[in-house]
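Q: Using the sequences and the hints, build the whole thing.
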Amino acid sequence: MTNERLHTITDWLSKPVSIAPLVTFRLVFGAVMVFSTLRFWYLGWIEEHFIDTQVTFKYFGFEWIQLLLPEAMYLLHALMLLGAIGVWLGLFYRLSAGVFFLTFTYAWLIDLTYYLNHYYFVSIAAFLLILVPAHRRFSVDCWRKPELRQLQTARWTILIFKWQIGIVYIYAGLAKINYDWLIAALPLKIWVPANDNLPLVGPLFRWEYTPWIFSWIGMLYDATIVFWLSWRPTRVLAYLSVIIFHGLTGMMFQIGVFPIVMIGATWIFFSEKFHERLLRFLEQGWPVKISVQKAASPRRIASWTFYLLVAHFALQLLFPWRYLLYPGNMFWTEEGYRFGWRVMLMEKAGTATFYVRDGAGGREGIVFNEDFLSDHQEKQMAMQPDMILQYAHFLEAHYKENGMRDPRVRAEVYVTLNARPSQLLVDPNLDLTTVEDSWAPKKWILPYDKSVDDEQ
Amino acid sequence: MKRTLIYLPGLLLILTLAWACKKDDPGSERPDFDRAAMLENYAVNVIRPAYEELLAATNTLSGRWTEFVAAPDTDKLAALQDQWLSTAIAWQAANGFNFGPAGEEGLRKGLIEEIGTFPVNTDKIENFISAGDATLNNFDRDSRGILAIEYLLFGHSGNTQDVLQALEDDNRRIYLAALIDHLYGEVDRVATAWETYQTEFIANDGTDVGSGTSQLYNEFVRSYEAAKNFKVGLPAGKRAGQTQAEPQLVEAYYSGRSLDLLQAHLASIDRIYYGKGLNGGDGAGFHEYLQAVEGGPTLIASTEAQWAAVEQALAKVPATPAFSELAAQDDPAVDALHTEMQKQIRFFKSDMSSLLGIAITFNSGDGD
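Residue numbers (my numbering), protein chains in the order written: chain L, 2 to 457; chain F, -15 to 352.
For the record, the hints were derived by calculation from the structure and aren't laboratory data.
Just to be clear, a hint being listed does not mean it is correct.
Distance windows between CB atoms, simulated [as the list claims (entries may be wrong)]:
| hint | chain 1 | residue 1 | chain 2 | residue 2 | range |
| --- | --- | --- | --- | --- | --- |
| 1 | L | 401 | F | 313 | 22 to 32 Å |
| 2 | L | 244 | F | 296 | 27 to 37 Å |
| 3 | F | 91 | L | 43 | 17 to 27 Å |
| 4 | L | 372 | F | 148 | 52 to 62 Å |
These figures come from a predicted structure and were not determined experimentally.
By construction, the Cβ of each residue, glycine as well, lies at the ideal position given by its N, Cα and C atoms.
A: Here's what the structure looks like:
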């Protein structure tokens, strides 16, 4: 790219626009994060996820992220809460955003069991928030230092959130374009009837065509909603559908705060005028007035910020496609499945039985998984090859510590995918202690046998 | 308006596709399923009669004990032992419902831990007896319940004279009487609580965590896994890390009636799967529920084929010598039973929960 071209682009990105949408985003995101951190604490999940835990499943490349002492886990969440409050109020804003980003990300990176796309989204949003001046209006920081106040911000500071949300939705929509989702209406053919006791809509869920309608609407919604939200004539209707869609999925599935996160985050698509009016309303109602002589002007995008964002979005656009480099059915092998906005996409469950023997001739025994894993850990492990491998290595170390000289671990794992008869996921005769995880295709995963479908 | 214009043809397309797909899928003609009716069947025909039966058996046991104490002799001991077996068998039909009134609450563990813990710790029992402590006011659940009663009625040696002699001791009698009272009290509490809990159980007719279906299903799987792991696998030395069989770990080690109890336990699993009751009542159960869902008929076929193999393997286990001795000798019949029971797990566990869309844990899933 020539310097001149680059300059045109950065000029465009730096053009001043109203700061109001960004400030609202900070307020909404901060509030939702305060709520979600408190909720996590209140539900006792700090204890359940991070304290009564014998095994943690690591993210590849993040093995150094360790479970901390119980006190430190509570401290981590206390810091997370302070960070979220700081973001919300705009108090020591950049520091708060940084603290929240680091503590939140650290917490979910501890155990792969609890991987959720919306945790990944929250981490990205928190990271992007560090880069932008979302505290320069209607914030405690502005009250402390009135000279911080800005009425305008550079265009990129708002666009990055729209792009990020756009990527989330569009990729989630693209992921739904597959045979099972659109033609077989699976997994919705399982999930919809299981929710036929919901108030009002329940009876509709018993209708045999409902799963197809939901599948197609879900795909079209995800793939196109950001365009309807971006276009003024359809915006209000589109936002209503955001509320209905996320509200309904929130009732149907046990997906925690995700619906509120998205219902809140999509506000950013509303017009400057809307956000201006909202902020002015809030400012007028606020007891503490901020004296304003003059507002500071937005700064031009720094070149390091520019390149950082280019790298970030390139990664965002490309990383989800890595599955194409692996042979086999991605839904089956899950190679390249995570970090690709594949949400509520398949119904998958497994039963994993681990056999351990000491040396080739030792007495073979079955592991009682509940001795080491929580119900949720066992459930997640039993269908994900990389977790199966990690657990096998954990067992090797455990039995070595308990006196075995040469523990050999094999696993018989039967997995059912989208209501089809379960089949073996990995080679049941392979000693998993001889296998190491890597980016390379996992040759020890047995291929998904399509012929099983045809018997149905 | 524009949105409607775009979505309308889309909707028509979906319906056409759905209709086209449905036509060449003969398995899709499935009946609607009423989960509340299924739960009612479980409550009325399966669960409550099981508790009532157990309560009646315990009551009779208590009567036999009174008769025995009045004039102890070999016959009365035999009658007492027989009634213990009836009680333990009745318990097998009731041991798979450890939720609601039979679930954990505060310091109280699930009913299965309160009255069904095994193996019992005979040292603890003897210590309580010699200390004259029959309060049962402790957390040593391996010193009370049905299997502790068994120990006191059958003894280490299985010799009737030894048992009769030991039961001349007042402390021992007081302790045993306390165990029978405690057993009756626990079962009575649960059976009574179900009178009111039934409404709540049936009304909670979703598939989320805490729903009637989810609780019942989770306990069903847990019960089957417990039978496989603790009544067969562990005594036979099938657990990783065991270097040999540990026959003393069987349920009902002292009476040698482990096989009877295992048979009763698996018969109960069978009844729960079909939604059948002890009294012959047979309404909708998991089997009928599976008939109504995607992929259900295929799973039913696999489940029942494997279950037949389990029953066959169970029938091949000889009644004598005792199951513990068979386990100790690495008997191939025990080995085969364990293998077949293991193969059954996936059909009950992951396949069934996946097809029925039952939530198993409270944790958040991936949103959309």
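Q: Determine for every hint whether it applies to the structure shown.
A: Here is what the structure says about each hint:
Remark: the range hint 22 to 32 Å for residue 401/L to residue 313/F is upheld by a beta-carbon distance near 30 Å. Checked against the hint of 27 to 37 Å, the pair residue 244/L and residue 296/F fails, with Cβ atoms roughly 56 Å apart. Against the hinted window of 17 to 27 Å, the Cβ-Cβ separation of residue 91/F and residue 43/L comes to about 23 Å, which satisfies the hint. Separation of residue 372/L from residue 148/F is about 41 Å and departs from the stated range, judged on CB atoms against 52 to 62 Å.
Hint compliance for this structure: hints 2 and 4 are not met, and every other hint is.
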